[in-house]
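One-letter residues, chain by chain:
Number of protein chains: 2
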Amino acid sequence: MQRDGGDCRRVPVTFASTPRPPYVAVIFTSLQTGDVEGYAETSARMEELAAAQPGYLGIESARDSEGFGITVSYWVDAQAAREWKTVAEHRSAQERGRNQWYAMYRVRIATVERDYSDG
Amino acid sequence: MQRDGGDCRRVPVTFASTPRPPYVAVIFTSLQTGDVEGYAETSARMEELAAAQPGYLGIESARDSEGFGITVSYWVDAQAAREWKTVAEHRSAQERGRNQWYAMYRVRIATVERDYSDG
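Those protein sequence lines, which keep their order, are chains A and B.
With our numbering, you'll find the first sequence wraps up at 119, consecutive numbering, no jumps.
With our numbering, you'll find the second sequence wraps up at 119, consecutive numbering, no jumps.
A couple of the hints might just be wrong.
[Said to hold, decoys possible] Residues from chain B that keep clear of chain A, each with C-beta distances beyond 10 Å, as calculated: (1) 35; (2) 36; (3) 38; (4) 44; (5) 48; (6) 49; (7) 54; (8) 61; (9) 63; (10) 79; (11) 91; (12) 103; (13) 114.
[As the list claims (entries may be wrong)] Here are the simulated distance ranges between beta carbons: (14) B/48 to A/99: 31 to 39 Å; (15) A/92 to B/117: 17 to 25 Å; (16) B/98 to A/114: 14 to 22 Å; (17) B/98 to A/44: 28 to 36 Å; (18) A/85 to B/22: 14 to 22 Å; (19) A/88 to B/96: 45 to 53 Å; (20) B/17 to A/66: 14 to 22 Å.
[To be verified] So the derived list for chain A, only partly shown, Cβ under 7 Å to chain B, looks like this: (21) 108; (22) 110; (23) 119.
Hints in this document: simulated from the structure, not taken from any laboratory.
Note that the Cβ used here is the ideal one computed from N, Cα and C, for glycine as well.
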């Protein structure tokens, strides 16, 4: 499911179409600093780049009006998730995130074992 | 880390203080219908009730201005997460969620194997 959120959205509102478990979820929780210069462009570019990686399954993302956000990216396995982390352009974005955009963040790598949905 | 978001917030802006992995993450992704009558109260009550359950480790939640949200609750193990799902008052809230608040949702149960943070 995808909604048209207009140009101002950093990330399309999407439920990821993941396959039957198991697969890997990378849960990225972050609090923005307030300095969002360059963030929207980089975020959009990272979405695009991630989607082109081997083993990419999808991404879901929400950020509230106070700058607290959760992004979950889904991967076929832990190896695919690790490789995405090391892509040069992504590493550079991560560094900028640490230095400029995020006051704090946390990353958790998890194996999804079960899922269900409604709607 | 916790920020004071004022009374209007449904959920405090919080990074969950989870222990060293492994532990369980329940990733709840949802899109609101637009009918939020009763939602804030129930959401706050469910936070409170979850925090009182055996095996509860914490919760992180973000919802954007278009009603797309991600809530991740953390539990010591899959059994604790399952038991929370069956708590009577929570079951009643889940039913109301399906009927009134959520156009669509997805739940994924995952085991966190690794984490790291900054900030």
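Hints breached by this structure: 8, 9, 12, 13
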